[in-house]
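Fit chain B to the supplied structure of chain A, relying on the hints for placement.
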Amino acid sequence: MATETMAWPTPRVASRPFVDKLHDWVTTVDHKRLGLMYIVYALIFLVIGGIEATIMRIQLIRPNNDFVSPQVFNRMFTMHGTTMIFFAAMPMVFGFANYLVPLMIGARDMAFPRLNAFSFWLTAFGGLLLYFSLLGANGLYGAGNAPDVGWFAYAPLTSLAFSPGHSTDYWTLSILVSGFGSIGTAINIVATIISMRCPGMTFGKMPLLVWLNFVMSAMVLFVISPLTAAQIMLLIDRFLGGHFFDTQAGGSAVIWMHFFWIFGHPEVYILVIPAFAFMSEIVPVFSRKVMFGYPVMVGATVAIGFLSMAVWAHHMFTIGMSANANGFFVLSTMAISVPTGIKIFNWLGTMWGGKIQLKTPMLFCIAFLFQFLIAGLTGIMLAAAPFDWQLAGSYFLVAHFHYVIVGAILFAIFAAFYYWFPKMSGKLYSETLGKWSFWLFLIGFHLTFDFMHIPGLLGMPRRIYTYEAGRGWEILNLIVTVGAVFQAVGVLVFVYNLVWSYFRGKPAGNDPWDAWTLEWSTSSPPPDYNFATIPTVRSRRPLWDLKHPDDPDWKYE
Amino acid sequence: MKSLLKPCDRVNDSRAQWVLGFLAVSLSQAAPAFAQSVSPLSPTNIFAPISTPADSIFGLSKFVLEVTASIFVVVFSLLLYSLLKFRKKKDDDGREPPQVYGSNQVELAWTVIPVLIVVALFLATARVIATVQNAAAPRNAVEVTVIGHQFWWEYRYPGLQVVTANELHVPVSDPKHPTPTFLKLLSADTDHSFWVPRLAGKVDLIPGHPNSMWIDPRETGLYLGQCAQYCGTQHAKMLLRVYVQSPDDFERWIEEQRQPAHLSAAVEKGRHVFETTACINCHAVAGTVANGRFGPDLTHLMSRDTIASGAVPNTPENLRKWIQNPDATKPGSLMPSMKLNDQDLDSVTAYLATLQ
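Residue numbers (our numbering), protein chains in the order written: chain A, 1 to 557; chain B, 1001 to 1356.
Calculated directly from the structure, the hints in this document are not laboratory data.
Fair warning: there could be bad hints in the mix.
Unchecked claim - Across the chosen pairs, the derived CB separations fall in these ranges:
{"#": "1", "chain 1": "B", "residue 1": "H1177", "chain 2": "A", "residue 2": "P63", "range": "52 to 58 Å"}
{"#": "2", "chain 1": "A", "residue 1": "A161", "chain 2": "B", "residue 2": "T1276", "range": "27 to 33 Å"}
{"#": "3", "chain 1": "B", "residue 1": "I1113", "chain 2": "A", "residue 2": "F239", "range": "52 to 58 Å"}
{"#": "4", "chain 1": "A", "residue 1": "P63", "chain 2": "B", "residue 2": "Y1101", "range": "52 to 58 Å"}
{"#": "5", "chain 1": "A", "residue 1": "V489", "chain 2": "B", "residue 2": "F1063", "range": "36 to 42 Å"}
{"#": "6", "chain 1": "A", "residue 1": "W439", "chain 2": "B", "residue 2": "K1339", "range": "56 to 62 Å"}
Note that beta-carbon positions come from the ideal geometry of N, C-alpha and C, so glycine has one too.
Same shape as in the complex, but just chain A:
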């Protein structure tokens, strides 16, 4: 062989035009890309919803403030609630499900990739439609702007008589449209889990995240329908001379409440069950132990799924139902705390006797446990109907449900972001920045939502753009607003961490956490086709079996 070295020319591939790359993303049917689009979309709306909340908090920082008018404030709480539930939390949850479920069951994509894309774009369009209301119609007072009827839009406030113009119509249509998107994704998840699990993966061997998203999706299929029906009836009232909810013509305001809350209560379980899913994947890995009580966790989740559809009228304890009706819903609501509590105990049981690593995902999970416990306990207080007669419609209730949605669900979502970011991006995030984002957000969360319970106990109702001095609410509202600032900074640090790490992070490798489910057997990020060969599994933790051939799970499960 010759001894000289020849400079081998580096192959130069022409980089593709940006428009081509954009076209790829817009026309994609790949579950991973759609999942990422759902997640980024949700993150943007999370920030927008946060800005709406901050505007409200500034207005409420002192009594009789005039930062915004009552009209603007009422639009803020309507948009904040609608945005956060329908365009931040739901897409976030569907995004992670979309990304992870096929990978975790050893499949190459969802059952219906084009339906997947269609559902995403419907949801995305719904959100844009809601915000188009800001530009929408001109005209009468209250008409040409964002909806201001509250996120649950009680009748008859939403009738043409009390909400002229089109702001309410934008609210109705945006939820109607994105509801179809939710149904499409739910169908996809259910079909994928039923028919595309890899060989050896029976229902009893699926990761808990897969089980929980299966239950969540089944619930979506049941409960979006009453919401859609209610929206259609409202449109008929407003446009076609109907009187479903028009009390001036014999319609029923209470029927709207039933229709809405039959959707609305299971909806919050639809949001929290994926949070449970994240907990059930992350806590075992960072405790270095198998999930304690897998079959009980599945059973409890199915029980929650069914029970959640029997509790809705606890949102209506003050509307004048009979003592028997109130009593029934007290019982069903308290009953649902049993399987929910069992889950908390099982996560504790998983940590017990383990070797807990306090990495950023685990920090968020531990905070989840503490906060979800408290949220559940304030839920029990609200379930006691007479106590609810004081607490409902007050800031105690607002504090309770933010404790669930932010303190539990959002914290679990942050944990999921940090845990799967290396898989999705191929890079490790900065652990230092991660811990900073955790502590900042934790402090802000507790400043805001711990203290928010107290004005409720002292008689402060919700949805008020200002309040009287001398009720004992002033300094509490100030503290609540200060906490919002910490949360905002925490979220900014989080976003910065993601962006910086995406460009500058160390390569993550396939399995940075030494975890046990199938997604960690692919490269980071996974190739388009996920798996070169479809794996065969023998237990709930296929990678544990590979890493511990002398001590595999299938011997003990």
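For chain B alone, kept in the frame of chain A given last:
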């Protein structure tokens, strides 16, 4: 039935009320709280009941808080303990800890115990629901019909032929010989909710769905609250003021409210402006041609401490400013500005000031 209506032990109540209320507000109001330690920590504190429905709720809430606090202490201790005891140590040997898949006994235990707790809580709750909701009105109860409007409260005493607005007067109720007030709750437009925390839990006013509630306040005074169901732009300033009076004072107030409007020749001009402008389309003044029902009855406007449903004190300046442009006081209020010139404005204000 009577024993169910008996308020709980007063001494324990006030102590618990102080503990809870103090905990609630001490963090925020440190120094002033000590200075004001005699007056209520908040005029709308749900833990400071002075009427039986609020008492029953308070009693139940204490039980629920005790149970939930105990659960919190147990579970939180376990969480804290596991975090401290089972953290990965610095000198860890890298081996995985024993993998425990589950335990049927443990699962059974932490299923059965919560079920028992739920049963106990449910029974306690059901009892209070029945006490409050199924109470029948005694013969001597005062009956009031409350009609919610955007954004004010209409009060009618059908048995006593009184129609008034925004400030509810009721007689004090001696626990030994109760004279409760039973309220029928209706709405003229959207949903509202009647919430005066120290008197009772809130009950909604829903059009087409009449509700009822009752109160039996045992201490005279003024009790505050506000609408607790979002009803539109000025939901925030649909305030509640309940005046609990001695039986004599209440009788006197009723007598005054039943009289037709004072007629004073000095304000003839103002009355003429009032009666020939659109004012009478919405407002009623008994004994005159004004019989509109969309807005508050003004027959005894000057007997009230506030106007605009508690939003501002009832002074001549505030009254004039309100008539001139309601939006300046309560933006989004449904009363339009009548665009009166200054003289008409002054004369109408002067006329209204005679409606004692």
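Quick rundown of the hints versus the structure:
no. : hint                           : in the structure
1   : H1177(B) / P63(A): 52 to 58 Å  : violated (40 Å)
2   : A161(A) / T1276(B): 27 to 33 Å : holds (29 Å)
3   : I1113(B) / F239(A): 52 to 58 Å : holds (54 Å)
4   : P63(A) / Y1101(B): 52 to 58 Å  : holds (57 Å)
5   : V489(A) / F1063(B): 36 to 42 Å : holds (41 Å)
6   : W439(A) / K1339(B): 56 to 62 Å : holds (58 Å)
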